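Engineer: Using the sequences and the accompanying hints, generate a full structural model.
Which chain is which? The protein sequence lines are D and V, in order. Going by the numbering used here, the first sequence opens with residue 23, and the numbers climb by one from there. Going by the numbering used here, the second sequence opens with residue 453, and the numbers climb by one from there.
What the hints contain is simulated information worked out from the structure, not anything from laboratory work. One thing to keep in mind: the hints can contain errors.
Calculated lysine-lysine pairs in the BS3-like style (CA-CA distance at most 27 Å, straight line) [as the list claims (entries may be wrong)]:
1) V:K613 / V:K527
2) V:K527 / D:K413
3) D:K327 / V:K679
4) D:K30 / V:K569
5) V:K527 / D:K416
6) D:K327 / V:K520
7) V:K566 / D:K30
8) D:K416 / V:K566
9) D:K181 / D:K214
10) D:K327 / V:K527
11) D:K262 / D:K87
12) V:K529 / D:K425
13) D:K87 / D:K214
14) V:K566 / D:K327
15) D:K416 / V:K469
16) V:K529 / D:K413
17) D:K26 / V:K571
18) D:K265 / D:K87
19) V:K571 / D:K30
20) V:K571 / D:K327
21) D:K26 / V:K529
22) V:K566 / D:K413
23) V:K570 / D:K30
24) D:K87 / D:K209
25) D:K26 / V:K613
26) V:K613 / D:K327
27) V:K566 / D:K26
28) V:K527 / D:K425
29) V:K529 / D:K416
30) D:K327 / V:K529
31) D:K26 / V:K570
32) D:K26 / V:K569
33) V:K469 / D:K425
Quick caveat: nothing in here was measured; it's all calculated off a predicted structure.
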Amino acid sequence: MILKIAWKNVWRSRGRSAVVMGSIVVGIWALIFGTGFMNGFMESYMADVINHDVSNFQIHNPQFKKDYDVKLFIPDGEQKAEEIRTWPGVKVTTSRAILNGMISSSRKGSGIQIRGIDPKEEAEVTRLDSLIIEGTYFEGMSRNPIVIGEKLAEELKIKLKSKVVLTFNDAKGNLTAAAYRVVGIVKSSSVKINSQYAYVRKQDLFKNLANGANVHEIAVVTNEQTDEEILVAKYNEKYKEDKAESWREIAPELAILQEMYSQSLYILLVIIMLALAFGIVNTMLMAVLERTRELGMLMAIGMNKVRVFFMVVVETIYLSAVGTPFGLFISWLTIKYYRNVGVDLSNYSEGLESFGYSSILYPFVTGDAYVIVSIGVVITAIVGALYPAWKAIKLNPVEALHKV
Amino acid sequence: MSIIKVENITKIYNETKVPVHALNGISFEIQEGEFTAIVGPSGCGKTTLLNILGGLDHPTEGRVEIAKTDITGMKDKDLIDFRLNNIGFVFQAYNLIPVLTTLENVEFIMLLQKVDKKKRIERAMNLLREMGIADKANQRPSELSGGQQQRVAVARALASKPNFILADEPTANLDSVSTTNLLDMMAKMNKEENETFVFSTHDQRVIDKARRVITLVDGTILSDETK
Chain D
23 MILKIAWKNV
33 WRSRGRSAVV
43 MGSIVVGIWA
53 LIFGTGFMNG
63 FMESYMADVI
73 NHDVSNFQIH
83 NPQFKKDYDV
93 KLFIPDGEQK
103 AEEIRTWPGV
113 KVTTSRAILN
123 GMISSSRKGS
133 GIQIRGIDPK
143 EEAEVTRLDS
153 LIIEGTYFEG
163 MSRNPIVIGE
173 KLAEELKIKL
183 KSKVVLTFND
193 AKGNLTAAAY
203 RVVGIVKSSS
213 VKINSQYAYV
223 RKQDLFKNLA
233 NGANVHEIAV
243 VTNEQTDEEI
253 LVAKYNEKYK
263 EDKAESWREI
273 APELAILQEM
283 YSQSLYILLV
293 IIMLALAFGI
303 VNTMLMAVLE
313 RTRELGMLMA
323 IGMNKVRVFF
333 MVVVETIYLS
343 AVGTPFGLFI
353 SWLTIKYYRN
363 VGVDLSNYSE
373 GLESFGYSSI
383 LYPFVTGDAY
393 VIVSIGVVIT
403 AIVGALYPAW
413 KAIKLNPVEA
423 LHKV
Chain V
453 MSIIKVENIT
463 KIYNETKVPV
473 HALNGISFEI
483 QEGEFTAIVG
493 PSGCGKTTLL
503 NILGGLDHPT
513 EGRVEIAKTD
523 ITGMKDKDLI
533 DFRLNNIGFV
543 FQAYNLIPVL
553 TTLENVEFIM
563 LLQKVDKKKR
573 IERAMNLLRE
583 MGIADKANQR
593 PSELSGGQQQ
603 RVAVARALAS
613 KPNFILADEP
623 TANLDSVSTT
633 NLLDMMAKMN
643 KEENETFVFS
653 THDQRVIDKA
663 RRVITLVDGT
673 ILSDETK
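Structural biologist: Structure, rendered in structure tokens:
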């Protein structure tokens, strides 16, 4: 019957209970949608970086990344790329010849990274072809085609079919130059792709390198359920002369970002739950003070303090138990809707893209988020009820009974 | 059999600042089945005495024994259990639980005593019948008149099978018809069930009905008359 009294007490002041339940609903929604939104941000950013740039893991000569020396290639790189492609859990691979150099138009020059690629494999690994916004993806031009980013094209003041000259050191240390013609322009949220990379065909680049058909980088994309760290360890065990690194090592800022993001979610959880706790304390305190005489009577006739305490706490749990399902349902609906249509942030697209984010985000949350938030609300309700319940049991029955 | 035994109790409020002597060395005994009114002008110490008899307050000095148990030095926690099983309370403002029905209000105290549900309902219905309000069993207190609410309060007080009922100005908020009805009910319970009632009151109708009247003045017993 104490549970029944507690339940009925919840509905004594419907307006006040509705306000608390409303704040629980809004709090849960804000928390889950905020989490979904941040997840969307992270997913989009990481997917962009992994799918269009670093891949799941890469292989280099251990010394290569120190100064991108053209002589520090992967021995039998193309064969190794072919072999890895057959490993379980590996989806696609590609090998690249990479060197740092200069790109010059008739009006301007810029330092870039020249990436000699196999267009077909590259399209499978980084979906580079999907980023074309002007021209074609290495098609319609048989001699020395080049694909560059939109920002780089703007910087060099060039357009499709413009001629550019790439200057770099070959394997013998000679300064070499080769003319290319712009066949396609790509646009990506990745700053590197947009303004720092120039893509040419591997076989065109090999002609100028005096280095044979050697590659400097193998990029590997794994299946979604595969842990790339296992494959990295496998490669490093087998080919000790090379160095395989997962995206976490290649782009440590991503791992840091992921960690910071997880922590920020907990901070968000604590902030919202604190606000909720204060709301609950306030409401339950009012409920206790309003019922001073009744509580005094209950204690006078023989209701012990444990039961009084329990009754106030249960009332609060009921309040949250009614609000929580609504909050979860509204959150689920919102996430489901925006997961399909996306949140259009195109008004801020320029700023977002400069940081590597996409302008349309697709929020999502895992089932864990709903469970964590539900548990968080119940704990908050209990914590929020402690002070009012303590005030209730501290009432002196004689004084409480004479309270007007 | 002595249900209440009060020996030389005093109650002083604000002992350390400006002491107020609410009770000054009061002693009396109340036997089982008595119908006693404690009367006196405002501020004479009636409520203080009732609070002490009800185990809601402690005397500064003296000794209170209820049903052969000395409650004077009992801890608050133990007093709550003692009150639950030994004392029935009727308050001036009825103090029913507004969210429960009449039946549930009467049943509630037995729930605290951990009485079986079937027995609870049976006893609660019997008491409501005796109080003449069985037809109101499923109504909320807000749907009852003041007199009916006070009868529910009496039924609740009796439900725990206490040693005595302590009623603080039970008729103060009632009209004359309700007062008469309530007093008749309580007198009947006293006569037929040998229930012990102790009232504090100003109401002459209660005083007239009481078989013993203890008059307090300035915290002392001015007279103790049995009719």
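Engineer: A separate judgement is required for each hint: does it hold in the structure or not?
Structural biologist: A quick look at each hint next to the structure:
{"no.": "1", "hint": "V:K613 / V:K527", "in the structure": "holds, 23 Å"}
{"no.": "2", "hint": "V:K527 / D:K413", "in the structure": "holds, 20 Å"}
{"no.": "3", "hint": "D:K327 / V:K679", "in the structure": "violated, 42 Å"}
{"no.": "4", "hint": "D:K30 / V:K569", "in the structure": "holds, 20 Å"}
{"no.": "5", "hint": "V:K527 / D:K416", "in the structure": "holds, 15 Å"}
{"no.": "6", "hint": "D:K327 / V:K520", "in the structure": "holds, 26 Å"}
{"no.": "7", "hint": "V:K566 / D:K30", "in the structure": "holds, 21 Å"}
{"no.": "8", "hint": "D:K416 / V:K566", "in the structure": "holds, 24 Å"}
{"no.": "9", "hint": "D:K181 / D:K214", "in the structure": "holds, 19 Å"}
{"no.": "10", "hint": "D:K327 / V:K527", "in the structure": "holds, 13 Å"}
{"no.": "11", "hint": "D:K262 / D:K87", "in the structure": "holds, 17 Å"}
{"no.": "12", "hint": "V:K529 / D:K425", "in the structure": "holds, 22 Å"}
{"no.": "13", "hint": "D:K87 / D:K214", "in the structure": "holds, 16 Å"}
{"no.": "14", "hint": "V:K566 / D:K327", "in the structure": "holds, 16 Å"}
{"no.": "15", "hint": "D:K416 / V:K469", "in the structure": "holds, 24 Å"}
{"no.": "16", "hint": "V:K529 / D:K413", "in the structure": "holds, 17 Å"}
{"no.": "17", "hint": "D:K26 / V:K571", "in the structure": "holds, 19 Å"}
{"no.": "18", "hint": "D:K265 / D:K87", "in the structure": "holds, 11 Å"}
{"no.": "19", "hint": "V:K571 / D:K30", "in the structure": "holds, 24 Å"}
{"no.": "20", "hint": "V:K571 / D:K327", "in the structure": "holds, 25 Å"}
{"no.": "21", "hint": "D:K26 / V:K529", "in the structure": "holds, 25 Å"}
{"no.": "22", "hint": "V:K566 / D:K413", "in the structure": "holds, 26 Å"}
{"no.": "23", "hint": "V:K570 / D:K30", "in the structure": "holds, 23 Å"}
{"no.": "24", "hint": "D:K87 / D:K209", "in the structure": "holds, 25 Å"}
{"no.": "25", "hint": "D:K26 / V:K613", "in the structure": "holds, 24 Å"}
{"no.": "26", "hint": "V:K613 / D:K327", "in the structure": "holds, 22 Å"}
{"no.": "27", "hint": "V:K566 / D:K26", "in the structure": "holds, 16 Å"}
{"no.": "28", "hint": "V:K527 / D:K425", "in the structure": "holds, 24 Å"}
{"no.": "29", "hint": "V:K529 / D:K416", "in the structure": "holds, 12 Å"}
{"no.": "30", "hint": "D:K327 / V:K529", "in the structure": "holds, 8 Å"}
{"no.": "31", "hint": "D:K26 / V:K570", "in the structure": "holds, 18 Å"}
{"no.": "32", "hint": "D:K26 / V:K569", "in the structure": "holds, 14 Å"}
{"no.": "33", "hint": "V:K469 / D:K425", "in the structure": "holds, 24 Å"}
Consistency note: the structure conflicts with earlier hint 3 alone.
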